[in-house]
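Q: First to last, the sequence lines map onto chains A, B and C. The first sequence begins at 13 in my numbering and counts up one residue at a time. The second sequence begins at 1296 in my numbering and counts up one residue at a time. The third sequence begins at 571 in my numbering and counts up one residue at a time.
Since the hints were derived computationally from the structure, they do not count as laboratory data. Ideal placement from N, C-alpha and C gives every residue a C-beta, glycine not left out. Each hint should be verified, as a subset may be incorrect.
Claimed, not checked - Stretch-level coverage of chain B by chain A, calculated; a stretch enters the list once three of its residues show a Cβ under 8 Å from a Cβ in chain A: (1) 1321-1330; (2) 1380-1394; (3) 1477-1486; (4) 1549-1560.
Said to hold, decoys possible - Chain A regions said to be covered by chain B (calculated; three or more residues, Cβ under 8 Å): (5) 155-165; (6) 185-194; (7) 217-229; (8) 273-280.
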Amino acid sequence: MNEQPLNLKRLHPTRHGRTAHGLLAALAIVALLLLLSVLLPLVWEALPALTAPFLWGKGQGAIGPEVLNTLSLVGGSELLSFPLALLVGLYRVEWVKSQGPLLRVFDQFATTMLSVPSIVIGLVVVDVAIARWHWPVSTMTGIVALALMNWPLSVAYVVEALQQIPGRYREGSWALGASRWQTVRYLILPLAWPQMVEQAGLATARLMGETAVLIYTAGVNAAVHWSLWGPGESLAVHLWLLRTEGVGQNAQAQAAATGVVLLAFVVLVLWGSKRMAQWLKNA
Amino acid sequence: MRADRWAQGIFQAAFGLFIAVWTVFLAVIAVGAWHFVVINGWITPLLSTHWSPLAGHYGMLAFILGSITVTALALILAAPWVLALAVAGGRILRGTMQQTFIQLLTVFVAVPSVIYGWWGLTIIVPLVRRLSGTSGFGPLSAGVVLALMIVPTFSIMALHAVRQVPSALVEGSLALGATDDQTLWHMVLPSAWPALAQAFLVAVGRALGETIAVQMVIGGQSRLTSLLKPSATLTSQLLTDLALMPPKTPGHDALDFMAIWLVLLMAVLVGLQYRMRRGLRG
Amino acid sequence: MVEKRLTKREGVSTILDIRVQELEVWYGPAKALENVSLHLEQGAVLALIGPSGCGKSTFLRVLNRMIDQVPTVRVKGSVHIGAFNVLDDDIDVTALRRTVGMVFQQPNPFPMTIFDNVAYGPRLAGVRSATKLRQIVEDSLKKSALWDEVRGKLRRSAMTLSGGQQQRLCMARALAVHPHVLLLDEPTASLDPVSTAKIEELIVQFKGRYTMVIVTHNLQQAARVSDLVAFFEQGHLVEMGPTHDIFTAPQERRTEEFLTGRFE
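Chain A with its partners taken away, still in its complex shape (with noise of 0.2 Å):
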């Protein structure tokens, strides 16, 4: 029995004992197909609808205005949030030194807010900036709503990215002399940027999809002339209305073709901040 020819081979573990495994791979298979079924209907509803005119035109139905408002509506409130979020990040991760009770506080009090439902976001910008404050229903309405939206979200992300460098680094520095400001500066933001940039795109996808905070703060309606105190309806919120309570004939397709121009946006931000982050890290 020894004398097998000894050839090289793979081991294969035996399949006894993988039942459930196999069964489970199976299952996950399924369920990857079934979330694909989401968006290949997508795209075949849309087909009719993506023509030069719909994308590009001004007449009728052409989704240029909304695009814009769409990356007004994205644009401005990353501009506004992040930086705050950021600053607001550092000085809870850098700065604060206790481990008390008051930062325990302070990280629910944060994670709360990041979970807040939408709606109940888009709800208190209506009692405040437009019943209080008469901003009309517009872009810079819907700035400021998803801004505060992504606020919380983007001090979470960026707190997990800072906590992720090791305490020592920071001590080999202040060793050398460096202030914290320093520190900060030249040897935790270079190190932590790949991965914030990854999670603000993440966080920047999620803001261009978001639909229910901004219907009644952007609004319905699309205005050729953009302007920031305009009518700032989005691509998220073109699709929701087109779809509940559209008409005309070629109203499901419009839906569609405008789902599948927001999935490209989406997948296109995802991507570029993929690549930014690489980039950062190489660098």
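For this one, chain A is given, so just place chains B and C on it according to the hints.
A: Below, chains B and C alone, put in the same frame as chain A:
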């Protein structure tokens, strides 16, 4: 070090602003809710199902039950898929395959909820309509849409929970002659349990708070009689009634009252998560 | 599926000696072991020594097929324990691993009670009776000299034990599935001298009852506990022989250099 003092000042100001903004945020809801409670009491609205705000009846029980039903349904429907995706991605796939798998799930996390709502309207509602002979709108459709929507988020968290089980424990189990399946049930999942429970709580929060996808397929009727009849959840009702009851109209305060319950629920869920995380360390 | 079982019951083999012939192991394109052949009598203690990364641990992990955990691994040759080739595709690895127990470098008690740690293996092997389980747990803890320290505390978490106690718990856990061979992967590397002495005492006690293969960085330890010593270097088995001979009169210059510390 002037730069340091400046930096600290700016950071402190931002930190203070954060706390101030969100305190004001809570105060706005609380004041509205207070106005509502003074007139309507706080227990009657929660226990009555009679909702006709223009006539001054604010029974919210149907929405509360709607939220609970839809959330529970979504979690039950999502659970097996989440387990499968977590085990496949955390224990079966390795290396680049695993990274690709996680990337794919991340893309689905980023798919906007309005697109899941579109899918519900286009695929699920007609399907339910054909199978049951009803309109197709209702908690069942909402539960299905929500289930698929939370699967990516939930399973990425569950996947990481499964993956962070120390290999020393897995090897220890295998070395005693446990099969892979036995190791999964008796070692991997029990060890991942606290992190899985945390992922579950996050998923509950997402399901409870989701608005647009639910609103698109639940039908928007202020009652809950059957899984197949149009009804509403707290969030979907907030969305539709904000149009009917803009600020300064009677009944608007009822929306703040609903909102504060949602915020309180989230605070409880977050509190549970933190308690669990501390238990994990201690 | 019919699988060969490595149990005495089937009467094929009662003598569980270990015969390794022309064993080669690759991790992807990298060769980890080259042309290793050796023979180990039942009940003997073999110490594997050599510089880090020389293939000792790889060799150990082939014996109970824990090497399967590395996705890119490929092997050549044969490893017989008794009459069975461990590398056969149709070998029942769970039965193999019950026959060939393993203790790891870092004590890895499971995050459960002391009792459940020891009962883990027997339970999964199908022992249901509570009395029987209690008996197995007690016997195993006695064998690993932990019983007197944990008696009456079996419901406590294993994490409350000291490092040395945890390692002896891992020994007890391995013994609870009635193995014939014990693989010890630097079992005392993370322990203090007192705990180390206790583990070594156990190994000496177990001589004759279990066939043992122990990887160690500690040459004195190898000299104290083993009957045979095998010196590995860069995936090659350079020399193997009785412990006394190797330490007093090594045949190979490389071995001598390693033992006298003139190595590298």
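Q: Taking the hints in turn, state whether each one holds.
A: Evaluated hints:
1. Evaluation of the coverage hint for the stretch 1321-1330 of chain B: fulfilled, as 3 residues show C-beta separations to chain A shorter than 8 Å, against a requirement of three.
2. Counting residues of the stretch 1380-1394 of chain B whose CB lies closer than 8 Å to any CB of chain A gives 6, which reaches the minimum of 3, so the coverage claim holds.
3. Residue count for the stretch 1477-1486 of chain B with a Cβ under 8 Å from a Cβ of chain A: 3. That meets the three needed, and the coverage hint holds.
4. Requiring three or more residues with a Cβ within less than 8 Å of a Cβ of chain A, the coverage given for the stretch 1549-1560 of chain B holds, as 5 such residues are present.
5. Beta-carbon proximity to chain B at under 8 Å applies to 3 residues in the stretch 155-165 of chain A; the threshold of 3 is reached and the given coverage holds.
6. Under a criterion of three residues with beta carbons nearer than 8 Å to beta carbons of chain B, the stated coverage of the stretch 185-194 of chain A is upheld, 4 such residues being counted.
7. Requiring three or more residues with a Cβ within less than 8 Å of a Cβ of chain B, the coverage given for the stretch 217-229 of chain A holds, as 9 such residues are present.
8. Given a C-beta distance limit of less than 8 Å, the hint that chain B covers the stretch 273-280 of chain A holds, as 4 residues qualify and 3 suffice.
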